[in-house]
Structures are given as C-alpha cells and as structure tokens.
Amino acid sequence: MTDDDIRALFLEELARIAPDIDPGTVGGGDHIQDDLELDSMDVLNLVTALHARTGIDIPEPDYPQIETADKAVAYLSRALA
Amino acid sequence: MGVFAMPSLGSDMEAGTLVEWLVAPGDHVARGDTVAVVETQKGAIEIEVFQDGVVEELTAEIGTELPVGAPLAVILSQGEEAPSTAPPAVRIEATAAVAETVAAEPAPAPAPAPAPAPPGAAPSKAGQASPAARMRAQELGLDLGEIAGTGPGGVIVLGDVERHGAGAAPRPAKALAPDPARGSPLEEMRKAIAAAMTRAKQTIPHFYLAQTVDLEAATGYLDTLNADRPPAERLLMGALFVRAAARAAQAVPSVNGHFDGGAFHASPVVNPGVAVALRGGGLVAPAIIDALALDLDATMAAMRDLVTRARAGRLKGSEMTEGTITISSLGESGAEAMTGVIFPPQVALVGIGAPQVRPWVAGGAVVPRRVVTITIAADHRVSDGRQAARFLTEFDDLLQRPETL
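Protein chains in written order, with this note's numbering: chain A, 1 to 81; chain B, 1 to 405.
Derived from the structure by calculation, the hints contain no laboratory data.
Every residue, glycine too, gets a C-beta built ideally from N, C-alpha and C.
All the given hints hold, so there is nothing to weed out.
Derived DEER-like restraints, expressed as beta-carbon distance ranges: (1) B:Asp-223 to A:Asp-3: 26 to 34 Å; (2) B:Val-366 to A:Gly-29: 33 to 41 Å; (3) B:Asp-223 to A:Ala-79: 16 to 24 Å; (4) A:Asp-57 to B:Asp-290: 29 to 37 Å; (5) B:Ala-217 to A:Arg-53: 29 to 37 Å; (6) B:Val-54 to A:His-51: 41 to 49 Å; (7) B:Ala-335 to A:Asp-57: 31 to 39 Å; (8) B:Ala-337 to A:Asp-57: 32 to 40 Å; (9) B:Ala-337 to A:Tyr-63: 19 to 27 Å; (10) B:Trp-360 to A:Gly-29: 31 to 39 Å; (11) A:Asp-57 to B:Gly-364: 37 to 45 Å.
Next comes chain A alone, as it looks inside the complex (with noise of 0.2 Å):
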C-alpha cells in the first residue's frame, strides 16, 4: 500500500464516520478532534476502521499518532512496512 493509498483510506472512513467533512478540504494537518470536532466515540469509531482495513490494531496509547492524516499515513505505513 503506498502512503497515497493511506491517505485516501484514511480520508474514506474519515468521512464515513463524518458525512459534513469533505474530504477534499481535509488539510494534512488538521488535528481530527480539535479541528474536525470528533469526539470520542467517532475516533473509536475511526480507529476501528482502520483496524478493518488495514489489519493494524492501534493501540490506545498510539491514538495520538493517527490524529492527523499526515501522522496516520506515517503511522500505518511504518506499521504496514
């Protein structure tokens, strides 16, 4: 998977879990409770998405690391690698 893949992955179930989010405007960096306005239960939600699609299990303390799309493509694709 290359981090493009990710990236629209990542984006894909962003915008499931927040159908208002266009994923278009989502900034690399947009922290995705502070700017996004999820709340705790969207980045469960988020995380066990992921976790569906790319077989990684986040764990808790490594939420941080997948709070924007820049760090979750670094995060994943280490953890894919």
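Starting from the known structure of chain A, fit chain B onto it as the hints suggest.
Using the frame of chain A, we list chain B on its own:
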C-alpha cells in the same frame, strides 16, 4: 387498539410529518414494532405500536403534517372491530378542506364533512386534493385539473397523483417540498431545544450539587482492559460513567422518573438518556432502555448504537420519551464542569465535565491525578440536597471500584 394516533415524542412536540409507512394493511404487528417514520423538529423518528394487532387501514397520508393525537392508522387487536364513529382527521394546513373518516363501516361523518361518496374515478375540480397529493403534484409538475380523484367525493389523493405521474421510479419517501413556514432542520432543532429548556427553567426549581471524582482507578481499569482488546471491543470512559449513573440512580429513586400531572412518579427501571451532540449543531438525548440489565460491554454497545442512529436520524419514539434521567458529558477535552438543565418531564440531569489532571491529596501527599467534576441538577419539587449528595457519593464509590460496574 383501534385508532393509532400521532404520538408525542417529547414534551415539546406539537406536530410531526409522516414521511414513511413501514407497514401495510393486513400486516400483523407486535408491541414495540416500528410502523412509521415521523419527521419532527429533532429529526426523523421511528414510531412504535404499543399493542399487538393487525393493520386495518392506513388513514394518514405521507407528507402530511399532523398534530399530536391525530389518527394515523386503524390497528385492530384480535376480535376487535373497527371503530364505528371515528374521529375526524385533523390537519394543520388550513387548506385541507377534505374531511376523512377512518371508519370502515358507513358512519355519518362529523358535521362539516360532505357525505362520503363511493370511491370512483370522478373528475374533480382543481383544488379538491389532499395536501399530500397537492405537494406531490407540484413536485412532479402535474396539473391537478387533469387528474381523476378516487378519494371521498372525488377528491384527489396521493395515490391518484402517483398513478397519473406514471413514473415508474419509486417515490423517495423524504422528497417533500420545503414548507416555507419551517426553517432549516438545524433551526427547527434549535426551536425544539429552546422550547424544552425554557419550559424546564420556568417550571422546574433546579438545584445543583457537584463533586470531584478521582479517576485513577477507572483509568487504570480501562487501560488494562483495552490493551488486550481489538478496537471493536474497546470501552470508553463514557460507558463507565453511564453505568455508574444508572446504578446510582437505582440507589436514589427520587432522581429517577418523571414529574407529570403535578406529581412525581419514580420509575421502576432506569433508562438513562445520553446526550448526543449532532455534527453541525443541535443535540438529542435518546435513552438506553433498562440500562441496569446491561453489563459494561452491553452498555458500551448500546451507546455506540444510539450515537450511530442519532446521527443517521433513526431513533425510536420510545427512546425519545422513556428516558428517566439524562447524562450529558463534555467528552475528553474542554471545560471541566457543566451545570445542566433538566429535560422535562425528568427530574435530574448529570453533567460530566472533561477529565483534567489536577493536584490531588492522596495518602497525605499532593500528587497529580486525573479527576472529573460531576454535577447533578435536580428538581426541588422531588428531592433535596441530601438525596442529590447521596447520588454523587454512590457514583464516586462505583468509579473507585470499576471492576464491579
């Protein structure tokens, strides 16, 4: 049961718009089945029947705004006959000159209604059409004068328009023409919140007690539990809060129930309403029915389900009306305390602030601790500080022993 009427889906609801039937005449329904979808100020709600029976007739038309109590359908229990004198269908639109009867038997219609003519495809004058038919014709760009009516007295009903439209495409249930008198969904929800909260502040003598609760034990419990679980099975602190609040409400009956008709009615079950913020604004507080019967995992699953359906606009009528106490949480970050407004006819609301790391005295030393401020707003017609304090103590004790939740 006889006439199935538009239910009240909250103390502030005056009317709802029927957007979809989920049953058809002849269908058997059981208590608790969802039979229709009604659009309210708080979004689309699935409404349920409260008795077993068979659907005799659907009398209300899709797209019609109807006041609470207006007949929607005739649902007969076994051996029951259709009511011989039916209440007239009341409509909100002043243009609705059509009187309908819901009786299956020939009964004289109430005074202003013309005697029902036998159904037939009589040509009708433009203007004699039900509001739903009128709306649909407008959507389809059809001239009502060209449509033959089969309703009472040759009035054009929705089905006539559909047949005339002859479009093979199925009708989208929610494709209603916007009513200029109604605001955007967000504006409508704001009106509903304003009405309920104004009523609460004007009629309920609120009082408030707060307590700061050490979250060390609960946090440690959750961290350990979640470390061994895949994401789909992890718990949120919110589930512990809801579980603790339900158990504390069981221990203090005077904060759990409804104040109706000048008296408090304690509830034998605890149905905690969980305030869910909707993206884009607004808020609903659907209830988890009989939360005491659910363990922590089932509580978490119920919350996940409620939040998902709240955002999708698929809550049930019972979830909107049967809450016995509300829990409102600010989430993981933000303000440290919330003093809330009780949701009538309930008598208490538990406000949970965002957890904070604060200096805390433990074992004679000051240590950094993750703490949360719990504030209960209670109704002084029903309880006093003593009961509210007992609720907070109970809540705190439970969170110190999370494994017992």
